[in-house]
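Asks: Using the sequences plus the hints, can you model the full thing?
2 protein chains.
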Amino acid sequence: MLTPLFYPESIAVLGVSRTPGKVGHDIVANLLAGGYAGRIIPVNPAAPEVLGLPCLAEIRKTKEKIDLCIIALPSSMVLESVRDCLEARAGAIAVISSGFKETGAEGAELQRRIAELCQSHKVPLLGPNCLGLINTEHRMNASFASRMPSPGCISVISQSGAICTALLDLAAARHTGIAKMVSMGNKADLNEGDLLIALAADPQTKVIIAYLEDIACGDEFVKAATEASSKKPVIILKAGTTVAGQKAASSHTGVLAGEEIAYGAAFMRSGVIRADNFEALADYGALFAMQPLPKGKRVLIITNAGGPGTMAADAVEKAGMIVATLDRNTASALRQKLPSAASIGNPIDVLGDAEPDRYVAALEAAQEDEAVDAVVIILTPQAMTKPAETARAIARSNKGEKPVVVAFMGGADVMPGRDELVAAGLPDYPSPERAVAALQALVEYAAWRKRPPRMVARFPVNRRRVERIITRRLRTNRLQIGEVKAKSILAAYGFQIPQGYLATNGST
Amino acid sequence: MLTPLFYPESIAVLGVSRTPGKVGHDIVANLLAGGYAGRIIPVNPAAPEVLGLPCLAEIRKTKEKIDLCIIALPSSMVLESVRDCLEARAGAIAVISSGFKETGAEGAELQRRIAELCQSHKVPLLGPNCLGLINTEHRMNASFASRMPSPGCISVISQSGAICTALLDLAAARHTGIAKMVSMGNKADLNEGDLLIALAADPQTKVIIAYLEDIACGDEFVKAATEASSKKPVIILKAGTTVAGQKAASSHTGVLAGEEIAYGAAFMRSGVIRADNFEALADYGALFAMQPLPKGKRVLIITNAGGPGTMAADAVEKAGMIVATLDRNTASALRQKLPSAASIGNPIDVLGDAEPDRYVAALEAAQEDEAVDAVVIILTPQAMTKPAETARAIARSNKGEKPVVVAFMGGADVMPGRDELVAAGLPDYPSPERAVAALQALVEYAAWRKRPPRMVARFPVNRRRVERIITRRLRTNRLQIGEVKAKSILAAYGFQIPQGYLATNGST
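Respectively, the protein sequence lines represent chains H and G.
Taking the working numbering, the leading residue of the first sequence gets 478, the next gets one more, and so forth.
Taking the working numbering, the leading residue of the second sequence gets 478, the next gets one more, and so forth.
Please keep in mind that the hints were generated in silico from the structure rather than gathered at the bench.
Each hint should be verified, as a subset may be incorrect.
It does not matter which identical chain is meant; a pair holds if it fits inside one copy or across any two.
As the list claims (entries may be wrong) - Think about it this way: if two alpha-carbon atoms lie no more than 30 Å apart in a straight line, the pair counts; the simulated DSBU-like pairs of lysine-lysine are:
| hint | residue 1 | residue 2 |
| --- | --- | --- |
| 1 | Lys774 | Lys724 |
| 2 | Lys499 | Lys772 |
| 3 | Lys814 | Lys724 |
| 4 | Lys772 | Lys683 |
| 5 | Lys700 | Lys499 |
| 6 | Lys683 | Lys876 |
| 7 | Lys724 | Lys772 |
| 8 | Lys499 | Lys542 |
| 9 | Lys499 | Lys814 |
| 10 | Lys795 | Lys876 |
| 11 | Lys540 | Lys499 |
| 12 | Lys683 | Lys774 |
| 13 | Lys772 | Lys700 |
The structure displayed is predicted, hence computed values, not measured ones.
Replies: As structure tokens, this is what we get:
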């Protein structure tokens with residue numbers, strides 16, 4: 478259904494300008510720079526050409542069917558322009574322009590009418606007030622973010638365009654690839670539910686990460702998220718979780734963010750992995766993209782220093798995982814390969830003068846040991862440490878059956894090692910705690926995937942009684958339900974409630 | 478008292494080798510490379526010279542007084558060697574060698590004897606099993622960490638040498654300066670209490686950061702930490718806070734780490750700022766070193782995008798701070814300077830196309846407004862964003878009266894901005910959440926500094942009764958106290974306890 482949006486063969490851009498820096502201009506420039514192979518049709522009644530491409534004066538004038546229309550006109554012109562696009566048989570429409578729900582009641586009404594119009598034509602609408610979208614497989618940067626990411630298996634859904642650009646910039650720095658990135662803006666039509674379903678079905682997408690401030694429709698979301706999570710990990714940063722945050726959110730995308738507790742329950746039930754901050758979103762995404770799911774939660778720590786090993790052990794226990802106990806045979810075999818001062822417990826301390834071979838010996842032992850489900854490898858830069866060589870050796874001896882996370886701690890000295898790790902598909906973190914936090918997300922998702930089938934228990938409910946109570950309240954314009962009636966509702970659902978009566982006067 | 482340790486005019490290194498990579502060799506090399514201006518005396522009976530310096534055959538043979546003796550000999554030779562150093566009137570001794578308490582009972586006994594010997598001569602002993610120490614002011618790198626940091630105002634105390642090297646590497650990457658760095662190792666003599674007192678009195682040190690796995694003496698620590706915190710911030714990462722972490726810690730520095738709750742209470746009482754992970758240690762250190770303390774906890778957020786602003790508002794509220802309400806006059810004055818679409822609330826959204834001038838206008842408003850105690854500035858890389866110029870403009874218009882933290886989110890695009898911020902003394906964080914977490918630490922420390930004077934209430938205690946109960950138990954080798962006697966003790970301290978008697982048989 479979203480093929481015209483993600484894989485258009487032709488793209489019209491309405492509101493192109495010849496001035497670099499203007500959104501309409503930049504989208505065409507980004508399409509060209511990204512290597513988009515389809516037809517690009519700039520629409521501008523005043524300019525003969527833009528960036529070497531001939532302009533169409535009016536979208537309605539085109540004879541051919543256009544897959545995707547991108548609108549970057551002032552908000553007052555958008556409704557008319559959407560009508561034109563629909564007339565030109567657009568397959569999908571993306572409205573970049575702002576000036577809708579986020580500006581107040583008038584903008585909200587305009588937005589509603591545009592959405593209604595698209596829905597009545599069964600044409601999906603992205604936005605308004607968004608950055609656009611990117612599909613690296615299709616070499617399409619249909620956004621005004623100038624960074625075309627390298628292809629990868631992580632897809633991004635975001636209610637904030639700036640989070641998209643920050644993630645793109647971060648992905649470039651960390652050499653992380655992106656499959657698809659969608660900026661949803663005000664979500665007049667397409668929302669997180671639709672996009673989760675689309676990305677769940679997308680073979681390019683292995684991991685979905687999302688930034689949300691509200692959820693358009695709770696039931697649809699839970700259904701879509703459960704379906705998506707059953708196929709691939711869905712990691713969500715939900716902002717607007719506090720009163721202050723909700724207030725901030727409502728002044729920018731025009732929504733009042735929903736209730737924190739309900740979100741928590743919905744996420745847990747639908748297998749969504751929750752990221753608590755911006756870095757976690759990227760941290761978790763990288764791990765899920767690179768490493769297999771663990772069989773359990775027994776973690777082995779390998780380190781060249783006691784302090785960071787202790788920090789990792791603390792973090793593993795705090796996260797509710799288990800500091801694994803090595804099998805006796807593994808331990809004694811490893812004893813032969815490490816110096817006598819090395820500590821062969823958990824953490825395994827390969828000592829400060831460890832060269833790559835000791836890390837390899839410890840990792841091999843961890844991989845063979847049935848009592849180990851996942852491995853955390855820590856390196857601190859000491860006198861004899863060879864970060865790059867160690868990273869390569871770890872990558873070579875990693876069989877890829879158990880998840881491995883790595884924390885090379887420090888700065889310039891360990892950087893060559895970090896680059897090697899990323900190149901080899903090993904997720905690297907700047908601290909033991911962040912490595913362990915990502916691993917926790919992986920462990921919890923693996924457990925959710927293996928959850929027992931859901932039991933549905935049916936019980937009798939006196940639905941009519943509940944409806945009667947609520948209807949009567951609404952009829953008398955009372956929007957709250959007191960203790961007595963609330964208990965009646967609970968009783969109608971089968972809860973056992975102590976008997977009680979309302980005393981309407983004080984005499985005994 | 479610690480002058481010979483921190484400012485020695487002469488340093489002898491016992492156990493020097495001519496082989497690079499050997500600890501004794503590297504310490505001499507690091508002293509030379511760091512630019513140490515005092516006399517360096519390598520001690521080696523077999524080699525005539527090391528690194529161009531003539532060797533002394535035996536430390537006892539020297540006629541001059543040696544301020545600092547550094548011992549890097551095998552553990553079996555250390556006791557004898559310490560005796561020689563004391564005979565040579567050493568002012569302080571640092572034992573780098575491992576093979577003491579961390580290896581078991583025999584090593585612990587050896588360590589005890591060395592410490593006793595030094596204490597009987599009133600000569601401070603650092604280590605054993607440590608990295609050494611650094612004093613940038615004295616251009617002294619008396620450690621085997623090859624990175625000599627640039628001078629700065631942050632001093633480091635660590636129970637893990639690897640945390641020192643990781644912090645040094647990180648400091649270099651972030652261009653953070655260091656005043657003094659001390660690796661305490663097994664803390665046979667000098668411990669965190671002694672070093673807190675020394676660094677509290679050190680004019681070069683503005684901020685103290687510490688990594689600890691246990692605390693040698695609770696009472697002394699609370700006294701030292703309270704004294705130090707009253708003068709300058711003390712930030713501590715306490716590892717070994719879980720059973721797994723304690724187990725890990727005990728296998729490496731030979732201590733069983735103490736109880737988490739007691740540490741929490743001790744830290745809170747003594748004004749210690751607690752870092753929960755490795756990055757927080759560096760994050761907080763940078764903020765305390767660079768910015769003033771706030772008057773209160775009302776935070777203003779300035780952002781060029783709604784999403785990160787919402788994340789910051791969430792973080793501020795979760796951290797127990799207040800999302801400030803701008804004064805009406807400030808808001809209307811700012812309204813003149815920002816485009817009409819800008820949101821002048823909190824967050825102040827200067828919009829995605831903001832150039833430096835809008836950030837400057839918002840920061841100036843924040844600085845003038847009495848209702849704002851601290852400022853969080855967020856930048857995301859969007860089409861028109863100029864990170865470096867914006868960073869410079871922020872730095873220029875920052876008056877330095879209120880703390881300012883900055884989060885330039887992304888990677889390569891914002892990096893030039895980050896470098897400008899660090900150069901200008903503005904602490905920069907990769908996410909709003911980390912910026913706000915650091916600010917929270919600053920706010921809490923400022924509140925501790927302004928705490929009301931402690932009230933001491935005296936109340937009568939029947940001390941003899943308590944002593945009698947405990948003595949009787951100990952005499953009969955019972956190490957636990959049951960409910961009845963425990964209540965008697967509480968009653969002796971003046972608690973009102975419900976009357977009760979022990980029923981010794983079941984009849985009524």
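Asks: The structure should be examined with respect to each hint, and the outcome stated for every one.
Replies: Structure-based check of all given hints:
In the homo-oligomer, the alpha carbons of Lys774 and Lys724 lie at most 30 Å apart only across protomers (19 Å), although the nearest pairing inside one protomer, at 39 Å, exceeds that limit. In this assembly of identical chains, the alpha carbons of Lys499 and Lys772 never lie at most 30 Å apart, being 51 Å within a copy and 43 Å across copies at closest. Taking the closest pair of Cα atoms, Lys814 and Lys724 come within 30 Å of each other only across two copies (23 Å); inside a single copy the shortest separation is 59 Å, beyond that limit. With identical chains, the CA atoms of Lys772 and Lys683 are at most 30 Å apart within one copy only, with a shortest distance of 19 Å there and 48 Å across copies.
In this homomeric assembly, Lys700 and Lys499 never come within 30 Å of each other (Cα to Cα): the closest approach is 39 Å inside a single copy and 62 Å across copies. Proximity of Lys683 to Lys876 under the C-alpha cut-off of 30 Å is restricted to the intra-copy arrangement: shortest distance 20 Å within a copy versus 48 Å between copies. In this assembly of identical chains, the alpha carbons of Lys724 and Lys772 lie at most 30 Å apart only when taken from different copies (25 Å versus 42 Å within one copy). For a Cα distance limit of 30 Å, the shortest separation of Lys499 from Lys542 inside one copy, 27 Å, qualifies, whereas the shortest one across copies, 75 Å, does not.
For the identical chains of this complex, Lys499 and Lys814 are inter-copy neighbours only, at 22 Å across copies versus 63 Å inside a copy, given an alpha-carbon limit of 30 Å. For a Cα distance limit of 30 Å, the shortest separation of Lys795 from Lys876 inside one copy, 28 Å, qualifies, whereas the shortest one across copies, 42 Å, does not. In this homomeric assembly, Lys540 and Lys499 come within 30 Å of each other (Cα to Cα) only inside a single copy, at 28 Å, whereas the closest approach across copies is 79 Å. For the homomeric pair Lys683 and Lys774, the shortest alpha-carbon distance inside one copy (22 Å) is at most 30 Å, but the shortest distance between copies (43 Å) is not.
Proximity of Lys772 and Lys700 under a CA criterion of 30 Å is satisfied intra-copy only: 26 Å inside one chain copy versus 48 Å between copies.
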